[in-house]
Amino acid sequence: MKDRLEIVASGFGGQGVVRLGQVLGEAAVKEGLRVTMLKSHGTEMRGGYVRAQVVLSPETIDSPMCENPDYFVALSSAAYNRFKDTVPDDGVIIFDPAFVEDIDGDLPCTQKELPAKQLAVDNFGRPIFSNSVALGAMAKLLEGDLGKEIILDSLLEVIPKFHEENRDAFQVGYDYMS
Amino acid sequence: MKRFLETGNFAITEGAILAGCRFFCGYPITPATELAEAMAQELPKYGGVYLQAEDECGAMHMCIGAALGGMKTMTATSGPGYILYADPFGWALGCEMPLVVVNSGRVGPVSGITGAPGQGEFYLTRYPTQGGNFECITLAPNSAQEAMAMVVEAFYLAERFRMPITVLGDQLITDGFEDITVPENEDEMKEMGFRTYERGVCTGPEFYPYTDELDIPPVQMGSGHGGLCSDWTPTVEGYDIEEVEAHHKHAWRLIYKVRNNKEVFNHLYEKKYMDDDPDLVVVSYGTPSRVVNTAVDRARKEGLKVGALRLINLWPFPDEHFTRKTKYLAVELNWDGQLVREVERAAPKDAQVNFLGTCGDLPTIPDLLETFEKLLKDQPLERKGWELEAW
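So the sequence lines, in the order shown, correspond to chains U and G. Counted from 1, the first sequence has number 80 at position 28 by the numbering used here; the numbering is strictly sequential. Counted from 1, the second sequence has number 269 at position 257 by the numbering used here; the numbering is strictly sequential.
These are computed hints drawn from the structure, not numbers from a lab. Incorrect hints may have been included.
Calculated lysine-lysine pairs in the DSSO-like style (CA-CA distance at most 27 Å, straight line) [stated by the list, open to error]: (1) U:K54 - G:K284; (2) G:K202 - U:K82; (3) G:K14 - U:K82; (4) G:K57 - U:K213; (5) U:K82 - U:K213; (6) U:K54 - G:K337; (7) U:K54 - G:K313; (8) G:K14 - U:K213; (9) U:K200 - G:K14.
Stretch by stretch, here's where chain G covers chain U in the computed footprint (C-beta under 8 Å, at least three residues) [claimed, not checked]: (10) 68-80; (11) 115-124; (12) 157-166.
Here are some chain U residues pointing at chain G (derived, C-beta under 8 Å) [claimed, not checked]: (13) K91; (14) H93; (15) G94; (16) H215.
Owing to the predicted nature of the structure, the values given are computational and were not obtained by experimental measurement. Just so you know, even glycine gets a beta-carbon here, dropped at the ideal spot from N, CA and C.
Using the sequences and the accompanying hints, generate a full structural model.
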């Protein structure tokens, strides 16, 4: 893998932004990597802004900031607009159209639509599993850096409930990106 | 050793328990709430006690009570709670009670921004209470792993110096996740450089000796040997009194037991590229120092002669690092400039001392590099938006 892999996820409180970063970080620890994850948030438990900045590296990590994220998971229009320009040309933005309305077509980076909320509602009748869908999609994109099964194991460890649905939702996201 | 991904709050809890902490009393506040949660979860497993107080003032008072009862104890908060420690902090200093206080800095003043890092309590950790005539020790880690280590160290210093020690972190350290390695036995603790010190009991006849000596065990209520827990001046024998000469001797001890024993903690700093007389020394502590390290690496690759000095022991301020006449840049998570004032005081009078402050977010590497270049070319630091304020 690269010397340093940066992943940013940002959206509202309650969407699972921090959990998403935590699961990827946990998987990276299992892969023997060094990990930092900063989280910034508002006062509210739900509805406020949230951002998780994850850095993975085989070496000790100095700056824990994601200044040029390789992957940016955008789960609100505000987050998309605030961080879209930080993604480098070879970076990837993953956005959920249920939350991000206007897409900037002029960006040089790759942009991938991931209707995680819709896929969760269609498959499981509840939007709560959209986070596991997003993690499955990330597992596909991170292939080569983090093992799919290791990410799934970490997801099941971090989220102790609804293992069957989370496992299926993870696969739905993985297949969507494949 | 076990290795896993956890928050700094959890890492601090692990460190406290390793150091022998068995009593925690606090009041939840972002970004140290999870520390209280982790303590509530973990302490009972070790026969310890977790107590939520009615407020921070009560919390630290109860920690003093537990310390007087012979327990190793800790409390944790953020800036708005740390200021409420003012009253019991003075009491703990005056009665020489060992305890550990964690402050996870967020953006102030008052409630400010809860979920973002701040460094507004640099001076407050030096002057946490009224009255003067005391010295304080403050340790500032820059990662979850180091926060665990510095909490262990703080317990060690608290016992040896018989006083409350502040561990000053920030929201990114306590709330952020990081891979942490936790020692599982005493050998592994030693291997990781963790120092511990057992609680002793002062058996007299001198309970508050007027010396600058360390390693005098604290008084303990119920030990059969008496002890004092008063807000008045203690005499040598452990009675309280309001008398000028006794107070002079007591105040001298509170100041000089720290000032005359700095070698116990003044190795706590980190220097990078400082061996070739750099033209610019970047001074920082806490999380910003990690961005500074990366920026200084890049500056060196571009041929800029920049060095980085990271302070871990903030108080007493380590003046010995600032003897060279060169350019200094203090990087802080505040806009008013606090560390920079101490750098300016400690540096030679004709040294050039500069300031880069941010409010709520870490400085960016491009901003740091631009600032280094300007300072090395003797260009003024212009105010750019709100982000950069010339000192």
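Evaluation of the provided hints:
Of the pairs offered as hints, the one joining K54 of chain U and K284 of chain G holds, with about 24 Å between alpha carbons and a cut-off of 27 Å not exceeded. Between K202 of chain G and K82 of chain U the alpha-carbon distance is near 25 Å, which keeps this suggested pair within the 27 Å criterion. For the hint linking K14 of chain G to K82 of chain U, the alpha-carbon distance of about 12 Å falls within 27 Å, and the restraint holds. For the proposed pair K57 of chain G and K213 of chain U, the alpha carbon gap of about 25 Å is at most 27 Å, so the pair holds.
With a C-alpha separation of about 21 Å, the suggested pair K82 of chain U and K213 of chain U falls inside the 27 Å cut-off, and the hint holds. Between K54 of chain U and K337 of chain G, the direct Cα distance comes to roughly 40 Å. Violation of the 27 Å bound is thereby established for this hinted pair. Of the pairs offered as hints, the one joining K54 of chain U and K313 of chain G holds, with about 19 Å between alpha carbons and a cut-off of 27 Å not exceeded. At roughly 25 Å between alpha-carbon atoms, K14 of chain G and K213 of chain U fall within 27 Å of each other, so this suggested pair holds.
A C-alpha spacing of about 23 Å is found between K200 of chain U and K14 of chain G, which places the hinted pair at or below 27 Å, so the restraint holds. Under the rule that three or more residues need a Cβ within less than 8 Å of chain G, the assignment of the region 68-80 of chain U holds, with 5 such residues. For the region 115-124 of chain U, the proposed coverage by chain G is satisfied: 4 residues have a C-beta within less than 8 Å of a C-beta in that chain, meeting the threshold of three. For the region 157-166 of chain U, the stated coverage by chain G is not satisfied: 0 residues place a CB nearer than 8 Å to a CB of that chain, which falls below the threshold of 3.
Evaluation of the K91 of chain U hint against chain G yields a held restraint, the C-beta minimum of about 6 Å falling below 8 Å. Hint status for H93 of chain U: holds, given a least beta-carbon distance of 4 Å to chain G, under 8 Å. A cut of 8 Å between beta carbons decides the hint on G94 of chain U: the least distance to chain G is about 6 Å, and the hint holds. For H215 of chain U, the interface hint is violated, since its Cβ never comes within 8 Å of a Cβ in chain G; the closest pair sits about 20 Å apart.
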